[in-house]
Amino acid sequence: MLHTINKSPFSGDTFDTCIRFFQPGDPVLFIEDGVYAVQNGNKFSEVLAGVLQSNPVYALKPDLDARGISELAAGVATVDYEGFVDLVEEHQVNSWL
Amino acid sequence: MKIGILLKEGPYNHQASDTAYKFAEAAIRKGHTVDAVFLYNDGVINVTKLMDPPQDDRQISSRWNELHKEHGVEILACIAASKRRGISDEVLIDGGEITGLGTLTDIAIRNDRLLTFGD
Amino acid sequence: MHVMRHAPHGTIYTYEGLEMILIMAAYEQDLSVVFIGDGIYSLKKNQDTAGIGIKGFAKTFMALDGYDVEKLYVDRISLEERGLSEDDLVVDVEVVESSRIGELMKEQDVIIHH
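Chains as they are written, first to last, in our numbering: chain S, 1 to 97; chain L, 1 to 119; chain W, 1 to 114.
Please note that a few of the clues may not be correct.
Covered by chain S, according to a simulated footprint, are these stretches of chain L (three or more residues, beta-carbon under 8 Å) [unchecked claim]:
#, segment
1, 47-61
2, 79-90
SDA-like mimics (lysine to any residue), calculated; alpha carbons at most 20 Å apart, straight line [stated by the list, open to error]:
#, chain 1, residue 1, chain 2, residue 2
3, W, 106, S, 41
4, L, 83, W, 19
5, L, 22, S, 16
6, L, 2, L, 74
7, S, 61, S, 41
8, W, 106, S, 54
9, L, 49, L, 12
10, L, 30, S, 54
11, L, 83, W, 45
12, W, 106, S, 66
13, S, 61, L, 29
14, L, 83, W, 59
15, W, 106, L, 109
16, W, 44, W, 99
17, W, 106, S, 62
18, W, 59, W, 10
19, W, 45, W, 31
20, W, 71, W, 11
21, W, 55, W, 22
Not close to chain S: a few residues of chain L, all C-beta gaps over 12 Å, as computed [to be verified]:
#, residue
22, 8
23, 9
24, 25
25, 26
26, 32
27, 65
28, 68
29, 72
30, 94
31, 95
32, 103
33, 119
For the record, the hints were derived by calculation from the structure and aren't laboratory data.
Just so you know, even glycine gets a beta-carbon here, dropped at the ideal spot from N, CA and C.
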């Protein structure tokens with residue numbers, strides 16, 4: 001199951017909450033303000049590194065670009081909207097808001 | 001793959017409408033079917049043709065109209081949510097429709113995926 | 001599966017979410033409702049909305065039973081974090097671990113967050 005997260009981890013608890021519920025192997029895709037979670041060196045780096053041990057993590061490139069985020073935490077992959085569609089084709093979706 | 005989209009936030013205020021549109025566009029480009037965009041909560045404001053942003057800004061309701069016209073995507077606003085917010089047939093974009101939540105149930109059943117965008 | 005994540009009254013998400021659940025239930029869909037985070041507050045006893053001029057709806061959750069929506073799950077951590085227990089809630093719910101909810105999510109065709 002693909003989990004999408006669209007909130008900045010600094011402004012809401014979506015990221016903190018979501019990680020309690022996803023299953024090992026489930027891909028996680030950060031979109032919109034959610035992409036602030038994957039900026040290298042922020043205070044969520046450790047939590048994110050833990051997630052990456054068990055789950056693939058993606059961030060939507062156009063959202064990263066729009067926010068000037070180019071240094072990503074190691075292991076995070078980027079996708080464009082087409083890549084987002086591919087992930088949706090491969091998995092059922094859980095759109096966390 | 002057949003996709004339904006549930007859009008729960010109004011235009012401009014939140015990026016949800018833009019992401020939903022970009023996603024739908026990409027899915028269609030890749031040969032998938034976007035069956036319907038169902039508008040709920042403030043999302044119903046997406047269907048008013050009265051929106052008139054500055055010229056250098058995107059026209060969000062025209063985008064939905066274009067998806068409907070060129071790709072047959074149903075643009076559906078929930079009737080209860082619309083009534084609360086003053087959205088009626090008189091302000092609807094071409095191709096937009098006001099319908100009940102039963103339609104969303106059908107959309108959830110008949111599509112391979114239902115994605116939600118919102119706040 | 002419907003996931004209630006917002007507190008009531010401050011935003012309309014829970015109320016309109018409940019309206020959606022009632023309609024979908026009338027279509028005889030196999031529904032479950034999960035309360036996570038602030039979503040739990042919508043089930044709190046003794047809500048009196050008279051003073052804020054907004055219709056209260058906590059009691060409507062009690063009606064879900066009549067619509068055959070019998071699966072109401074509450075995330076244990078969310079409940080405990082808020083200093084609440086099952087006795088503080090207006091309906092009978094099943095308090096479950098996050099991992100159990102995660103497993104249930106994985107089985108769903110459709111998940112809608114409110």
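Going by Cβ atoms, does residue 95 (chain L) stay more than 12 Å from chain S at every point? holds (23 Å)
Between residue 22 (chain L) and residue 16 (chain S), does the CA-CA distance stay at or below 20 Å? Not OK: residue 22 (chain L) and residue 16 (chain S) at ~27 Å, beyond 20 Å, violated.
Are the Cα atoms of residue 44 (chain W) and residue 99 (chain W) separated by 20 Å or less? Cα-Cα ~24 Å, so violated.
Given the hint that residue 30 (chain L) pairs with residue 54 (chain S), does the C-alpha gap stay at or below 20 Å? violated (29 Å)
Does the claim that residue 68 (chain L) lies off the interface hold, with its Cβ farther than 12 Å from every Cβ of chain S? Non-interface label on residue 68 (chain L) holds, nearest chain S Cβ at 19 Å vs cutoff 12 Å.
Beyond 12 Å from every chain S Cβ: check whether that's true for residue 9 (chain L). The assertion about residue 9 (chain L) is violated, with a minimum of 9 Å to chain S.
No chain S beta carbon within 12 Å of residue 25 (chain L)'s: violated (7 Å)
Given the hint that residue 59 (chain W) pairs with residue 10 (chain W), does the C-alpha gap stay at or below 20 Å? Holds, because 18 Å separates the two Cα atoms, which is no more than 20 Å.
Claimed clearance of chain S by residue 32 (chain L), with the beta carbon kept past 12 Å: violated (7 Å)
Sort out whether residue 54 (chain S) lies within 20 Å of residue 106 (chain W), counting only the CA atoms. holds (16 Å)
Since residue 119 (chain L) was said not to touch the interface, does its Cβ keep a gap of more than 12 Å from each Cβ of chain S? violated (6 Å)
Residue 61 (chain S) and residue 41 (chain S): Cα distance at most 20 Å? Holds, because 18 Å separates the two Cα atoms, which is no more than 20 Å.
In summary, the structure is inconsistent with hints 1, 2, 3, 5, 10, 11, 12, 14, 16, 17, 19, 20, 22, 23, 24, 25, 26, 33 from the numbered list given earlier, while agreeing with the others.
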